[in-house]
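Asker: Terminal number for the sequence shown in the working numbering: 217, no gaps in between.
Everything labelled a hint here was simulated from the structure, so no lab data went into it. Just to be clear, a hint being listed does not mean it is correct.
List of simulated lysine-lysine pairs, DSS-like, C-alpha gap at most 30 angstroms [as the list claims (entries may be wrong)]: (1) Lys213 - Lys162; (2) Lys129 - Lys162; (3) Lys213 - Lys176; (4) Lys162 - Lys176; (5) Lys129 - Lys176.
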Amino acid sequence: MNVVSPLYRSARPRTGRAPLAAAAVLWCGAAVGCWTPTQGEVQQENRALREALRKRESELAAQATTIEQLNRQLTLARGLSDDDLKKIFYPERLEIDRLSGGADYDGRPGDDGVTVHLRPIDRDGDVIKVAGDIRIQLFDLAAPPDRNLIGEYTISADQVGKLWHGRLLTGHYTVKCPWPGPPPENPEITIRAVFVDYFTRRVVSAQAVCQIKLAPR
1 MNVVSPLYRS ARPRTGRAPL AAAAVLWCGA AVGCWTPTQG EVQQENRALR EALRKRESEL
61 AAQATTIEQL NRQLTLARGL SDDDLKKIFY PERLEIDRLS GGADYDGRPG DDGVTVHLRP
121 IDRDGDVIKV AGDIRIQLFD LAAPPDRNLI GEYTISADQV GKLWHGRLLT GHYTVKCPWP
181 GPPPENPEIT IRAVFVDYFT RRVVSAQAVC QIKLAPR
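Using the sequences and the accompanying hints, generate a full structural model.
Answerer: This is the structure we're talking about:
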């Protein structure tokens with residue numbers, strides 16, 4: 001639908017100044033509404049993002065080093081030699097299966113938590129069923145730092161066997177993680193999982209991002 005401005009209806013064709021003035025006003029309003037950041041502002045934002053990424057990579061590298069050092073200390077404390085470790089099977093890495101994600105536990109609109117499928121992997125690349133402690137943390141990283149931890153879930157070694165699901169060509173621990181409080185406000189959730197092998201006390205960890213369905217507002 002065409003909207004006729006009162007300025008145009010009251011303008012007289014002989015002068016032509018009022019239409020030009022109205023056009024100038026409209027152009028100025030459009031210019032304000034279509035403001036774009038300057039090149040300097042874009043460069044500054046890019047530098048901030050690169051710095052945040054570099055910091056995160058450094059933190060992950062430090063965590064990996066710490067975990068490896070703890071694994072060595074725990075192995076020595078248990079009296080296991082390198083030769084002993086070659087003869088037994090234990091997790092050397094942890095995978096969060098791609099089917100992990102938001103889950104509806106009550107049948108009503110909106111996911112009620114995240115179901116996480118964990119796969120401990122040995123040195124040959126095979127999934128193994130072993131006893132151990134599981135800890136899972138869920139984060140909404142789009143939320144403010146003081147509110148981005150959604151919940152933490154711990155399963156002890158004496159309970160973890162009940163969570164194993166082994167079928168042909170697959171095997172994993174399935175951990176249901178319902179929201180401990182109000183659901184998150186953003187659909188992207190970060191999963192952090194840690195598995196501590198019961199026998200060797202070696203620690204493996206993994207991180208993944210999943211999507212959830214938010215309830216209509």
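Asker: Now, for every hint given, state plainly whether the structure supports it.
Answerer: Hint check results:
1. Proposed proximity of Lys213 and Lys162 is supported: the alpha carbons are some 28 angstroms apart, at most 30 angstroms.
2. Restraint check for Lys129 and Lys162: the C-alpha separation of about 11 angstroms stays at or below 30 angstroms, so the hint holds.
3. The hinted pair formed by Lys213 and Lys176 meets the criterion: a straight-line CA distance of about 16 angstroms does not exceed 30 angstroms.
4. The suggested pairing of Lys162 with Lys176 holds, with an alpha-carbon distance near 12 angstroms, which does not exceed 30 angstroms.
5. This hinted pair checks out: Lys129 and Lys176 have alpha carbons roughly 18 angstroms apart, not beyond 30 angstroms.
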